[in-house]
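The whole structure should be built from the sequences, with the hints applied where relevant.
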Amino acid sequence: MRFVDEFRDAELGQALATEILATVEPGRHYKVMEVCGGHTHSIYKYGIDDLLPANVELVHGPGCPVCVIPMGRVDDGIALAHQPGVIFTCFGDMMRIPGSEGSLLDAKAEGADVRMVYSPLDALRIAKQNPDRDVVFFAIGFETTAPSTALTLKRAKAEGVENFFCMSSHVTIVPPLRALLDSPDLRLDGFIGPGHVSTVVGARPFEFIPADYGKPVVVAGFEPLDVLQAIQMILVQLAEGRCEVENQYKRVVPYDGNLRALEVLAEVFVLRPHFEWRGLGFISQSALALSEAYADFDAERRWSVPGVRVADPKACQCGEVLKGVIKPFECKVFGSACTPERPIGTCMVSSEGACAAYYNYGRFAREREVV
Amino acid sequence: MSAVELPQAGGSCLAEEGCITCGDTALPMRVLDVDGESRLALCADEAGATEEVAIDLVGPLSPGDAVLVHARVALVRLELEALR
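Chains A and B are the protein sequences, given in the same order. With the numbering used here as the guide, the letters of the first sequence map in order to residues 1 to 371. With the numbering used here as the guide, the letters of the second sequence map in order to residues 372 to 455.
Please note that the accuracy of each hint is not assured.
Stated by the list, open to error - Residues from chain B that face chain A, not an exhaustive set, calculated with beta carbons under 10 Å:
#	residue
1	A397
2	E423
3	L446
Everything labelled a hint here was simulated from the structure, so no lab data went into it. Heads up, the beta-carbon is just placed ideally off N, CA and C, and yes, glycines get one too.
Here's what the structure looks like:
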C-alpha cells in the first residue's frame, strides 16, 4: 500500500512553501492553530515550521487526549486501580501522567495490577480471561477513540460479560474550541482541523467557527504535505477574504463523518453536564459518561472515586501551553525539571504533547524571528 | 523506554512514535480475511504486521480492501483510487 510516500515529497513541499510565501501579506502576522496533537508532532518531526515565512506562527491547540486530563482524574484512576481484585487497564501514555501522588506506573510499582492495552477490546479480552477479577478500562480520547470504547461496551453487553467496567474520560472537540475562541487571551486567524476526529464527526461540526467567529478551518491529514497544504488553504481563504470549512483530507474524511459510529456513540454515551479540562477549567457538555443503558458497566457507579479537584503544580504551565498562550520553551521548567523521562506536566508525556514535541525535536528556544 | 512489548501492528504505545491511541493516530491497513459473524477482520499494515480489527463501523469488506484503523477498530473504508 502506498499511502505515505506521495505525501512526503520534498519537491512538492518546497513548491507549497513557495506558494505560501507568495500568499502572505508582508507586515501582517498570522496565527494559525493546529487543534490536534498529531499535527503538532508532524510539524516538528518534519520541520514544517522551518518552511514557513516568519510572519506565519503556528499555535498548538488542546487536541492531545492525555494532555487535557486533570490531575484529579488521574487520582480517581489510581484509586480504582488500588481496589481489591481490580485489574486496571489503560493506554500507554496514560500510565505516565502524573497525579497528585504519582502516576499509574507508580501505582503499578506499589503492587496495583495496572496493565497497558492497545485497545479497549484488549481490556475486554482480559476480563473474559479473568472471570474472578473485575477489569476496569480507563477510557480517554476524543471522538476518534470513543467509538472503540462504545463498540467494546456493546460487545460486552451482548456477550453478558459482568466483570468489565469503564471509567469514561472521553472528551469532545467542539466545546474546547468554542472556549478558546471566546478567550480574550488569544487572537487566532484560522484553524487546522483535526483529521482523525473528523473521520467520525465529519467536517460539518466545525462550521460554527466561520459562521460565529469568522475564521477559516481546514481539516487536514498528518503527512507533511497535508499540513503544508492546509496552511496554504487557510492563507488563501484569508487573502481572498473568505472564511469557510474546507476538507484537505478528503481521501479519508467524509464531510458528514461516520454515521454508524455516531449512532453507536449516541447509544452508549451521554454528555456530562460539565468536565474539567487541564488548563481550560470546567467546560460544559464537553465529555462523555456512560448512558443509563450501560450503567452496569460504569466503574464510577460500581466504586466511589475521590473526585477531588487538584491544582496543577505551581511550576507547571501546561494550561497556558494548551491554550496556545505561551510556547513550551517559555515554561520555567521546560527541559530542566520537566523532561519526557520525568514529566511534571501532561504536555511533556505524550509525544503529541506540545512540550514533548518541542523537546524531542530540539526546539529549546525561539529560532525564528516572529514579525 | 518501556519493557512492555506488544505483538500487534502499531507496536508499543511507548515506542519512539508515541502512544498511537493517545496521539489520535490511525493506521491504513489492508484487509486479509473477514469473519462476518464476529465482525472481525484480519488486517495487515504497510510493514506486514497483522492484527484483528473490529469492522462494525464500516460497510461490508472484502479481502484487498483498505481501512483506517484506530485502537483495533476500523473507522473508515479507504477508497484506494482517492489515495493515488
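Hint by hint, here is what the structure shows:
A distance limit of 10 Å between C-beta atoms decides the matter here; for A397 (chain B) the minimum to chain A is near 5 Å, and the interface restraint holds. Because the beta carbon of E423 (chain B) sits about 8 Å from the nearest beta carbon in chain A, less than 10 Å, this interface hint is met. The beta carbon of L446 (chain B) is positioned within 10 Å of a beta carbon in chain A (closest approach about 5 Å), and the interface hint is therefore held.
Hint violations for this structure: none, all hints satisfied.
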